[in-house]
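Residue numbers (our numbering): 5 to 277.
Derived by calculation from the structure, the hints in this document are not laboratory data.
The structure displayed is predicted, hence computed values, not measured ones.
Don't take each hint at face value.
Unchecked claim - Simulated DEER-style distance windows between Cβ atoms:
id: 1; residue 1: Gly267; residue 2: Ile67; range: 35 to 43 Å
id: 2; residue 1: Pro227; residue 2: Lys132; range: 15 to 23 Å
id: 3; residue 1: Thr54; residue 2: Asn228; range: 46 to 54 Å
id: 4; residue 1: Tyr169; residue 2: Gln223; range: 24 to 32 Å
id: 5; residue 1: Glu86; residue 2: Ala226; range: 39 to 47 Å
id: 6; residue 1: Asp205; residue 2: Lys105; range: 14 to 22 Å
Unchecked claim - With a Cα cut of at most 27 Å, we get these calculated DSS-like pairs of lysine-lysine:
id: 7; residue 1: Lys6; residue 2: Lys104
id: 8; residue 1: Lys6; residue 2: Lys105
id: 9; residue 1: Lys105; residue 2: Lys42
id: 10; residue 1: Lys42; residue 2: Lys165
id: 11; residue 1: Lys42; residue 2: Lys6
id: 12; residue 1: Lys42; residue 2: Lys104
id: 13; residue 1: Lys132; residue 2: Lys165
Where is the CB? At the ideal position from N, CA and C, for every residue including glycine.
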Amino acid sequence: MKYMLLIYGAENCWTEAERRECMLESMGICDELAREGKWIASSPLYSVNTATSIRVRDGKRLITDGPFAETTEQLGGYYIIEVEHLDEAIEIASRLPPAKKGTVEIRPLFPLPELPQSEKACEHYRGKLRIAAAPEVVYRALATQAGLQAWWTTTCTVGTKPGDYSTFRFGDTHKTMRIESLVPDEEVCWQCVASRLVVPDRLTRTDEWVGTSLLFRLQSPAPNETLLSFEHFGLGPHCECYQICSDGWNHYLDSLRQYCETGSGAPYCTPEE
């Protein structure tokens, strides 16, 4: 059974140190649940001050700034888990740090029948490259901080093992990835757990990468040659940012190829660089 755990609490009841400790502890619980096959998704929400509420009455939209209702405790995040029964969901909810200061509401997800998806809905960004370099060279470019700084962005902190987190910055835009798998010379997989996409006047949603997965697969059809297959699951035509991000991936994948073949890529650099 799938359950959504809704996190409610007063936003001002946490110090910054407590908030950070809560985040780290929550991530640890999510990693544990993921290893057990019980974690599906989770994310904190921005402050209730950023909320916009919409109602439609007689065909007219009524838009107001702020939450739907003024309450002492506000919705601050969610988890989606899959467990055998409610008792197990209660046990997991009791372990979550926000339960100590707020409320965790447990709601079962209503199962929907399998619906055929349109071909367009199943689309996501894909890229293939033939790189004149050995797989170990390409793998280092994808799995190390020095490598990623050389072709994607010079401003990043990169984890070294599955379960670690990596953060990539492009000016005001940033993305945080959890490393899902690292198979030397064969595969790198991340899941985006936080993002902020900033493109003034073009994007209204800043979090479309959250929950998407990025998979790099390497094959060696010949000595000193790598066939790279890249898929960004969840980044499709239905996303507002799809065209911008597709153009970005086209550029940065070519930057990856250049770096692996010549030692010089074209990463994002901050203006002062």
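Report the numbers of all earlier hints that the structure fails to satisfy, in ascending order.
1, 6
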